[in-house]
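Just so you know, the sequences run in chain order A and B. Start counting the first sequence at 2; every next residue gets the next number (the numbering used here). Start counting the second sequence at 2; every next residue gets the next number (the numbering used here).
Just so you know, these hints were derived from the structure itself, not from any lab. Just so we're clear, the structure is a prediction, and the values are computed from it rather than from any experiment. Among these hints, one or two may not hold up.
Taking lysine-lysine and the BS3-like style, the derived pairs with C-alpha atoms no more than 27 Å apart in a straight line are [said to hold, decoys possible]:
1) 532/B - 628/B
2) 494/B - 223/A
3) 31/A - 88/A
4) 265/B - 19/A
5) 265/A - 31/B
6) 735/A - 390/A
7) 223/A - 600/B
8) 291/B - 573/A
9) 494/A - 223/B
10) 581/A - 600/B
11) 31/B - 31/A
12) 49/A - 155/A
13) 628/B - 600/A
14) 155/A - 171/A
15) 581/B - 223/A
16) 390/B - 291/B
17) 537/B - 223/A
18) 31/A - 18/B
19) 88/B - 581/A
20) 265/B - 537/A
21) 735/A - 432/A
There are 2 protein chains.
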Amino acid sequence: MEFKTVGQSIWRVDGEKKVRGEALYTIDLKMEGMLHGRILRSPFPHAKLIKIDTSAAAKLPGVFAVLSREDFPQDGPLSPYLGRRMKDKTVVAMDKVRHVGDVVAAVAAVDVETADAALRLIDVEYEELPLVSDPLEAIREGAAQLFDHLPEVKNNICHHTGLKQGDIEKGFQESDIILEDTFTTPVAQQCHLEAHNALAWFDSSGRLNVQTGTQTPYGVRKSLAEIFQMVEEKIRIMVPYIGGAYGAKSHLKVEHLAAVLAWKAQRPVRIQLRREEVFLTVTKHASVVKMKTGAKKDGTLVARKAELYYDTGGFAENGPNVVHKATLTASGPYRIPHIQADGYAVLTNKPSAGAFRGYGVPQVALAYESHMDMLAQRLGIDPIEIRVKNLLREGDRHPTGITMHSVGYEELLRKLGAAIRLGDKKRNRGKARRGKGIACMIKASNTEAQSEAKVQANRDGTFAVFSSSVEMGQGVETVMAQIAAEELGVAWKAVSFIAQRPDTDLTPFDAMTSASRSTFCMGNAVRRAAKDLREKLVQFAAEIMEISPQDLRVENGRIFAAGAEHKGYSYKELAVLHFKRRERELAGNGFYGDEEDAKTVLPFWLVGGCAVEVEVDTETGAVKLLKLVAGADAGKAINPRLCEGQVRGDATIGIGQALLEELKFVDGQPVNATFLHYTLPSFQDVPDEFPVVLVEQPHKNGPFGAKGLAESALPGVPAAIANAIYDAVGVRIKDIPFTPERVLSALSQKESKF
Amino acid sequence: MEFKTVGQSIWRVDGEKKVRGEALYTIDLKMEGMLHGRILRSPFPHAKLIKIDTSAAAKLPGVFAVLSREDFPQDGPLSPYLGRRMKDKTVVAMDKVRHVGDVVAAVAAVDVETADAALRLIDVEYEELPLVSDPLEAIREGAAQLFDHLPEVKNNICHHTGLKQGDIEKGFQESDIILEDTFTTPVAQQCHLEAHNALAWFDSSGRLNVQTGTQTPYGVRKSLAEIFQMVEEKIRIMVPYIGGAYGAKSHLKVEHLAAVLAWKAQRPVRIQLRREEVFLTVTKHASVVKMKTGAKKDGTLVARKAELYYDTGGFAENGPNVVHKATLTASGPYRIPHIQADGYAVLTNKPSAGAFRGYGVPQVALAYESHMDMLAQRLGIDPIEIRVKNLLREGDRHPTGITMHSVGYEELLRKLGAAIRLGDKKRNRGKARRGKGIACMIKASNTEAQSEAKVQANRDGTFAVFSSSVEMGQGVETVMAQIAAEELGVAWKAVSFIAQRPDTDLTPFDAMTSASRSTFCMGNAVRRAAKDLREKLVQFAAEIMEISPQDLRVENGRIFAAGAEHKGYSYKELAVLHFKRRERELAGNGFYGDEEDAKTVLPFWLVGGCAVEVEVDTETGAVKLLKLVAGADAGKAINPRLCEGQVRGDATIGIGQALLEELKFVDGQPVNATFLHYTLPSFQDVPDEFPVVLVEQPHKNGPFGAKGLAESALPGVPAAIANAIYDAVGVRIKDIPFTPERVLSALSQKESKF
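Same shape as in the complex, but just chain A (with noise of 0.2 Å):
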């Protein structure tokens, strides 16, 4: 199939106005009479709330609104409760806290100031109660509880998955090697760099308006609406431009508090986060990862049995499916006859873990891909061989019980082994030691799958997207305009998002805009939406040129009987023909997600990985990235260099995750929750080289073939820069962030054991 504008990388639509600074972002947006909403949180990790008397922050002047427990009595108005898989949380800590920056109360004033002097004046007793720190601590018997009254909850766990496949037993008596190791990784945080904000107002029908950086506006929309007991369709929510994401924009964030404040106010309330609160509201899971694997000789893959404990804070959040889709997919991209896997979301005193680009993944990959790379040294066999030699293929079935398809690992792996020279080993024993690494991973997109779009045609022949999909810096605006373009066979400057940003009130249902899910679901609704609209506007040519639709062509943005190119209509004369004779909608509709679809249980897999040469400082610990290459399996690139900039920007956040992040508690306190604390890689962290490598496999039900890749590099970078280090030094680090104590800690260890 030969396509124009797909396959195009063409200059993003949203490129030029943010460049210029002329879009806008939810910090942008002030409103008349607007109010500055701020938070009074928890101290303390774990606490009963005794008494909280805001009767003093009321009186300030310039006060117009504080919320606390007491509003929301039994039978109120509002419901207090919140959360995305069991309703936990609520809008301000009825009862107790359950780690430090829980929402204890809130003030809406004239400024800022003036509300954080409210919060001081609100009188708060708490009753401390021991401290849960520690996911493997927190099963224990005799361990503190932070839920006692939500039957999913158990000694702390609030969510188990369990993936089964053969007969684990007999996988290992039949192995001839079998490794068993602990990997760990700590929490981190996505570190957007736009904090959560949002603003919310009640309008003179009473109706909510919420204008906010989300990446989920009808998730948004659905849970504000079960805490003002209101039809969904009361609410408005717009989405401005947002400066980056990465899953922490995710449903409530600060919309809930914004929104109540201002329904208690009576008037627009912004909240907007400072770094610090950006720290203490959504996470990336830190985990403990325990993994046997048992092999042949030959490396050929036989039983595995996982327990991953990923500790997901103070409340569930969406912990429960990231450790679903994290332990579905403890075998790898391999076939693995015998495997037992067993996930756990589990309660601690810190602040809750949630969706964070990769989702459960890369946590799971350091110790599969670390695993390979050991199994591959124990015997004798090259890194790629031995994956290459296991890999799922075209048709297999991995242990879900889903059908593998568009597949591209051998060739990735090959590619990214050819980019680093992988076998070309240079042994040097000076201070600075060189080696190499590489690694897969897997990731099943099995996300709500429904979209809808509608593809609009203005009145001068140019075309109009109306998509929920949030641009977050991606590029999905320019992915689904020539989504569209190639679709209607036009030039994809023909297609604008006239509908700008998503508004729940002008652009249809999306589920969200997460789990690299856009370009496959909302493209596969856009391009139904513009093949809708190509056939009414072919139903109209035909009309006025009294010919049969079957006998009109469609190409270069004209209609045309075949054979008779030069006579025909373009979709301007089409446009405005068809407004002269009815000034009505001439628009197409396009659904992903329906029954059909969905008989496909699983949209695509993210097939990734990435190899890295590295330089370790045997002296410092340091260790430098030489060479990164990252790579994904692209389905067919709409943009590749759209693609290009998702896969380098996913691996830049897998090196900064690899080498430097860590979010610390000490006592369930955060001690570096500031960017001046906690280090993000700067371009200095990031190689010199740094090239992509895209395999297009094209998936059989993606819009043109294509698939998201979004989330592909990531989770393999840490375990590549780990057989890295392992290649250069000859140590085994199975804790993320190979910080130069570490590693030297690592090295002092091996030479002693000599």
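Given the structure of chain A, go ahead and fit chain B onto it with the hints provided.
Leaving out everything else, chain B in the frame of chain A:
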């Protein structure tokens, strides 16, 4: 046909928020960084623009933009031209000014005071031109010409409509009696309580947004698109509630000035006119109607010749349409075999006259209904009988060729007559003399027919109507909710206007809210949309019940198998099931005005009249209204209370025009353009007895038989009062308003004759 919701006088859905003061109008809307626009207006009625220097104004601190003809160079980005029927008007004056108040320049500044100060710094040099102050003078040879570059304009005439039937000469030859009179009406003003105002801004996508109290959101969009030379879809018009309009808020009034200032200042700009400016922005056409009527002795009308000269002011505005409408009904609601009418829209150096409730008909109705009574009196026939004898009836052919339908004149006239006991004459010979009069009217609603609507099922089983019909006090939101509820078979409370006000991004196309067209045109669109949605719901119910849609019944918001009413599903259950299955919009669409609808040519005739009893003080000339009965044929009154309110309000405007209102000019200068000096009817001027008569002759193409009626009462009021004055004191006054001075003068002339 039995209705459940249609025909009920439910309370208006916008009532509570208006009473509570919660409903928002354009003036309530403020934006961060908003500037205030003010307009420099011509002090001369006719002058050349020699020089305009804005440099000093532009330098004033706080001024962000000064707009003058220099902003519209030949090949600049903006087109200066606007105009409803011809592009005779410009955003600001380019070559000359054509009336006092004509727009010369505009300023946007931080506040109104600064903007006003800047206006004073604009240096303009004018060269005065001869004044054209009167339409009959304007068309005389040698008169000064307002335009010399427009081919449509000759001798200051910008439009001529002719109506011809039969042989006018023959008709007068066959007549036993011939009347020939001249009737005049002065300039009046719409006097909507909310002045024109608009708030415009460009957003970060380069789209133009305008919040404005307009009756024609899509018309404003189209005209702004022409000025900014951009596709209509890049412009968004939002309409909050409107505090009265009466035709004055059709098409561009201040929107273009706010928009161009916003474009130049790169900031939001609001323009809020002062009352004096409103008087100079648009008015009602002053008129001279020469009418010659011939009849047989038995009262049978035989011939009519009419010449209508309508003073349309300095620019055509929609004067051509007004004159067209007026001329076409110069025969009134009567059979006249021989007729010739010529209507002229004439340009003079007065503010532009445009649409005003009645749309040219009140001017001509004064003539033809005075003539009917003059004939009755001369021939000794009862005023009702002479009318009934000549009435156009169902199936008759109107001189325009259109067939009469839904014209309940006889019932209406007899009910009006009975209500004031027209025959029951009480001769009183004192100082205060009483008299009674009656009049009727006809108006063709041959307006632009197209309207589109969407009706959406919400997640709780309620419904939302999306319509661009503008709520300006008339109750259109309520009527549309009733129509949708009736068609869906639910209580009206289940239908809400969740989409709120018209918004060209949200609510589909509607030609305009004027010409009493909404109940008919938009009502049909809403009904069709509701039907479309109901069919979708039935289809869905059939699917889940595994039954044929034909076997299902819809009643009381439930869909069930015939004979099994207790089973089935409520709309709420269906909505919940639908959105559980797929989160796809569940809505119906309806369009009115396609080819099939257009075949009916004329949607409907406005049929109305009124009867009055007056008391004339022969010493002071004061006319006191003792009783006024106004009536109309509603087709079917969707909401009788709202219909009565419309008819009563309409008649009240008629009272003002008959007795009080005249915008006066001396040497082209308005002398009473304020609410201090221009007298509107107060509660003292409306009669204590003020009942309404509704007739219902169902219209075959109207929704549930309904049609418009909001302009049916006004046109008859002046003639009815003229007829009553004659009945009381025996003088025939042919010029409104019937001020005490005028009545007294007529009385003294009558006495001097004897």
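Hint check results:
no., hint, result
1, 532/B - 628/B, "44 Å, violated"
2, 494/B - 223/A, "23 Å, holds"
3, 31/A - 88/A, "32 Å, violated"
4, 265/B - 19/A, "22 Å, holds"
5, 265/A - 31/B, "22 Å, holds"
6, 735/A - 390/A, "24 Å, holds"
7, 223/A - 600/B, "46 Å, violated"
8, 291/B - 573/A, "49 Å, violated"
9, 494/A - 223/B, "23 Å, holds"
10, 581/A - 600/B, "17 Å, holds"
11, 31/B - 31/A, "11 Å, holds"
12, 49/A - 155/A, "20 Å, holds"
13, 628/B - 600/A, "74 Å, violated"
14, 155/A - 171/A, "31 Å, violated"
15, 581/B - 223/A, "13 Å, holds"
16, 390/B - 291/B, "24 Å, holds"
17, 537/B - 223/A, "24 Å, holds"
18, 31/A - 18/B, "25 Å, holds"
19, 88/B - 581/A, "20 Å, holds"
20, 265/B - 537/A, "40 Å, violated"
21, 735/A - 432/A, "23 Å, holds"
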